[in-house]
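Just so you know, the sequences run in chain order A, B and C. Counting from 1, position 16 in the first sequence corresponds to residue 16 in my numbering; the numbering is continuous, with no gaps. Quick note: to get my numbering, add 103 to the position in the second sequence (first position is 1). Quick note: to get my numbering, add 376 to the position in the third sequence (first position is 1).
One or more of the hints may lead you astray.
The list that follows gives simulated cross-link-like pairs (lysine-lysine, DSS-like), each with its CA atoms no further than 25 angstroms apart [said to hold, decoys possible]:
hint, chain 1, residue 1, chain 2, residue 2
1, C, Lys-501, A, Lys-32
2, B, Lys-162, B, Lys-234
3, C, Lys-425, B, Lys-234
4, B, Lys-375, A, Lys-19
5, C, Lys-501, C, Lys-481
6, B, Lys-253, B, Lys-306
7, B, Lys-234, A, Lys-37
8, B, Lys-375, B, Lys-253
9, C, Lys-425, C, Lys-501
10, B, Lys-253, B, Lys-168
11, A, Lys-32, A, Lys-80
12, B, Lys-168, A, Lys-67
13, B, Lys-225, C, Lys-421
14, B, Lys-312, B, Lys-225
15, A, Lys-32, B, Lys-185
16, A, Lys-54, A, Lys-19
17, C, Lys-532, C, Lys-481
18, A, Lys-19, B, Lys-139
19, A, Lys-67, B, Lys-234
20, B, Lys-139, A, Lys-74
21, C, Lys-485, C, Lys-501
22, A, Lys-32, A, Lys-54
23, C, Lys-485, A, Lys-32
24, A, Lys-67, B, Lys-375
25, C, Lys-425, B, Lys-225
26, C, Lys-475, C, Lys-485
27, B, Lys-294, B, Lys-306
28, C, Lys-485, B, Lys-294
29, C, Lys-475, A, Lys-37
Source of the hints: derived by calculation from the structure; they are not laboratory data.
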Amino acid sequence: MADPMKIRANVVGDSTEVKVLMSHEMETGQRKDAQGKVIPAWFIQNVRVVHNDKVVLAAQWGPSVAKNPFLSFKFKGGAKGDKIRITWVDNHNDTRTDEATIA
Amino acid sequence: MPGMIRRIVAASAVVCVFAGVVADVFAQSTADEIAKYRDALQDGNPAELWEARGEEMWKTPRGPKHVAFASCDLGQGAGVVKGAYAQLPRYFADAGRVMDLETRLVWCMVNQQGYTHADATKTVFGNGSAKRSDLEALAAYVTSRSQGVKMNVPLDEPHVHDMYALGEKMFYYRGGTHDFACATCHGDDGKRIRLQDLPNLTKVEGAQKAYTTWPAYRVSQGELRTFQWRLNDCFRQQRFPELVFGSDASIALTAYLAGRANGAEYRGPAIKR
Amino acid sequence: MQRRNIVRTASGALLIAATAGGVLYGCASAPADRADGQRAEAMLKSSFKAHGQATLDRLDQDETQRLCSEYAGRALPQPVAERIEKANLATIRFPADGKLVGDWKSGEKIAQSGRGFQYSDDPTKPAGANCYACHQLSPQELSYGTIGPSLYQFGKRRGFTDETRRYAWQKIYNAQAFNACSNMPRFGHRHILTDAQIRDVVALLVDPASPVNR
Numbered sequence: 001m002a003d004p005m006k007i008r009a010n011v012v013g014d015s016t017e018v019k020v021l022m023s024h025e026m027e028t029g030q031r032k033d034a035q036g037k038v039i040p041a042w043f044i045q046n047v048r049v050v051h052n053d054k055v056v057l058a059a060q061w062g063p064s065v066a067k068n069p070f071l072s073f074k075f076k077g078g079a080k081g082d083k084i085r086i087t088w089v090d091n092h093n094d095t096r097t098d099e100a101t102i103a
Numbered sequence: 104m105p106g107m108i109r110r111i112v113a114a115s116a117v118v119c120v121f122a123g124v125v126a127d128v129f130a131q132s133t134a135d136e137i138a139k140y141r142d143a144l145q146d147g148n149p150a151e152l153w154e155a156r157g158e159e160m161w162k163t164p165r166g167p168k169h170v171a172f173a174s175c176d177l178g179q180g181a182g183v184v185k186g187a188y189a190q191l192p193r194y195f196a197d198a199g200r201v202m203d204l205e206t207r208l209v210w211c212m213v214n215q216q217g218y219t220h221a222d223a224t225k226t227v228f229g230n231g232s233a234k235r236s237d238l239e240a241l242a243a244y245v246t247s248r249s250q251g252v253k254m255n256v257p258l259d260e261p262h263v264h265d266m267y268a269l270g271e272k273m274f275y276y277r278g279g280t281h282d283f284a285c286a287t288c289h290g291d292d293g294k295r296i297r298l299q300d301l302p303n304l305t306k307v308e309g310a311q312k313a314y315t316t317w318p319a320y321r322v323s324q325g326e327l328r329t330f331q332w333r334l335n336d337c338f339r340q341q342r343f344p345e346l347v348f349g350s351d352a353s354i355a356l357t358a359y360l361a362g363r364a365n366g367a368e369y370r371g372p373a374i375k376r
Numbered sequence: 377m378q379r380r381n382i383v384r385t386a387s388g389a390l391l392i393a394a395t396a397g398g399v400l401y402g403c404a405s406a407p408a409d410r411a412d413g414q415r416a417e418a419m420l421k422s423s424f425k426a427h428g429q430a431t432l433d434r435l436d437q438d439e440t441q442r443l444c445s446e447y448a449g450r451a452l453p454q455p456v457a458e459r460i461e462k463a464n465l466a467t468i469r470f471p472a473d474g475k476l477v478g479d480w481k482s483g484e485k486i487a488q489s490g491r492g493f494q495y496s497d498d499p500t501k502p503a504g505a506n507c508y509a510c511h512q513l514s515p516q517e518l519s520y521g522t523i524g525p526s527l528y529q530f531g532k533r534r535g536f537t538d539e540t541r542r543y544a545w546q547k548i549y550n551a552q553a554f555n556a557c558s559n560m561p562r563f564g565h566r567h568i569l570t571d572a573q574i575r576d577v578v579a580l581l582v583d584p585a586s587p588v589n590r
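Next up, chain A with everything else stripped away, as it sits in the complex:
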């Protein structure tokens, strides 16, 4: 079971600024272990951010994103007290969803 994300969401002017840390290995599939065996690829493939049932960000990621990714973005709208919900799915079909309140 993956660790929770660390989410911060703040109203800045007429937008909401969201900063998310995700706990994930993001293994590229290019590296080898000490025995010379390829370490299989394991990375987040899809990220979705929902605000009031509306998708405000959808992303497809690849193996070039660093371990323990940090994602920062803004979307128009959002008010203090609103909820945002973030979901990631990796190439093992493991998934994690966390929610945060906009401050």
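Given the structure of chain A, go ahead and fit chains B and C onto it with the hints provided.
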């Protein structure tokens, strides 16, 4: 994008002016780019993921005795975390020993939560999701609660004072196949190994800057590393045998460097290359 | 107040070392100082564990290491420096065939490699000299350290002479023969590099065709 173009123009101007010392200019611009990279890392430090896991662990009853860290005294009273790291290492009468944070956490796990020493120290340094270290997460949580607090290691306490003096001796101890001491790399101003700047730990400012930024998330390893790890890996590179986790030498060196950092604001867990 | 105490403890320890090295000053040390030194040594032994090739005997100091530790952080008295340099000069061996200069290309590879003698290193593989960690050499390599001086144009500046070649060999073999308590490892004396490897690193420094001298 215009910023990028400006930077390229500026860089080529520099090369034209100082054509005679091209290598130095390149080295300088490399150092500048590394500095920019470090700045870019400051936002979104994954150390927070360790802090969150450590906080959860701190508050949850655990071990064979099902006891939470609420009964663990880090020097400021049972369960008190705020500001505790800024006053470590210190002498603990119940253990009869000067301890740093990591050693004290192990002591609480063994004496209060009922772990064996072997279990409590099974994974002191983590390696990926398959081999995670509880101690690193706990250390991240505890240290984060000293952010902004001035370092104040109790050097006037005789036991701590004694360890500080031993730590100073250790710092200058040359040995191994290569004759290296801590001071070989950390005894002078403005030096670097390859392109990595080396803090001069014999100066108060150097010790303050270095000590107050551990633990740190190491981007190159994707791991949060504690000061025990920092010492352990320095000795590996010194070609010494392996420094034992929580050993007296490790605590003496920590007391020496933490004590020299006294007066500086604690700023960890930080993020480093 | 506490600072003064610390200085006293440290200099007390220094006193012991000078006596242990005895020949120099032959002064007596107080029992408390000796106890302090023994405690420091006991602490050291109990604080490390053997790991692969890095065994506990690496903590044992030879006389040079001991004196350099004790005088670290302050000026080395002239007689001590002379004694260290004399003892280290006596360790230097020249190759039996008299050949001091090898292949600079292989020397460059040795200068680049930081592997060897760490417990994480494979002891069956040849060690590197890691020159670039501390010195500038070939100008093409921008990632060089500054703990030691720049060696760019080493041969060109000193002249491509027998004297330069002999000096380079000796300096790599045992730098403390010329500069007591130098930070530089004693590559020949401590068997870090083989004679053949030293030859190649000498070539990197003194061969007119080496990028160091271009």
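Quick rundown of the hints versus the structure:
no.: 1; hint: Lys-501/C - Lys-32/A; result: 20 angstroms, holds
no.: 2; hint: Lys-162/B - Lys-234/B; result: 22 angstroms, holds
no.: 3; hint: Lys-425/C - Lys-234/B; result: 22 angstroms, holds
no.: 4; hint: Lys-375/B - Lys-19/A; result: 20 angstroms, holds
no.: 5; hint: Lys-501/C - Lys-481/C; result: 19 angstroms, holds
no.: 6; hint: Lys-253/B - Lys-306/B; result: 18 angstroms, holds
no.: 7; hint: Lys-234/B - Lys-37/A; result: 18 angstroms, holds
no.: 8; hint: Lys-375/B - Lys-253/B; result: 21 angstroms, holds
no.: 9; hint: Lys-425/C - Lys-501/C; result: 23 angstroms, holds
no.: 10; hint: Lys-253/B - Lys-168/B; result: 35 angstroms, violated
no.: 11; hint: Lys-32/A - Lys-80/A; result: 47 angstroms, violated
no.: 12; hint: Lys-168/B - Lys-67/A; result: 35 angstroms, violated
no.: 13; hint: Lys-225/B - Lys-421/C; result: 22 angstroms, holds
no.: 14; hint: Lys-312/B - Lys-225/B; result: 31 angstroms, violated
no.: 15; hint: Lys-32/A - Lys-185/B; result: 42 angstroms, violated
no.: 16; hint: Lys-54/A - Lys-19/A; result: 18 angstroms, holds
no.: 17; hint: Lys-532/C - Lys-481/C; result: 18 angstroms, holds
no.: 18; hint: Lys-19/A - Lys-139/B; result: 20 angstroms, holds
no.: 19; hint: Lys-67/A - Lys-234/B; result: 15 angstroms, holds
no.: 20; hint: Lys-139/B - Lys-74/A; result: 23 angstroms, holds
no.: 21; hint: Lys-485/C - Lys-501/C; result: 14 angstroms, holds
no.: 22; hint: Lys-32/A - Lys-54/A; result: 41 angstroms, violated
no.: 23; hint: Lys-485/C - Lys-32/A; result: 24 angstroms, holds
no.: 24; hint: Lys-67/A - Lys-375/B; result: 14 angstroms, holds
no.: 25; hint: Lys-425/C - Lys-225/B; result: 16 angstroms, holds
no.: 26; hint: Lys-475/C - Lys-485/C; result: 20 angstroms, holds
no.: 27; hint: Lys-294/B - Lys-306/B; result: 13 angstroms, holds
no.: 28; hint: Lys-485/C - Lys-294/B; result: 23 angstroms, holds
no.: 29; hint: Lys-475/C - Lys-37/A; result: 43 angstroms, violated
Checked against the numbered hints listed earlier, the structure breaks hints 10, 11, 12, 14, 15, 22, 29; every other hint is satisfied.
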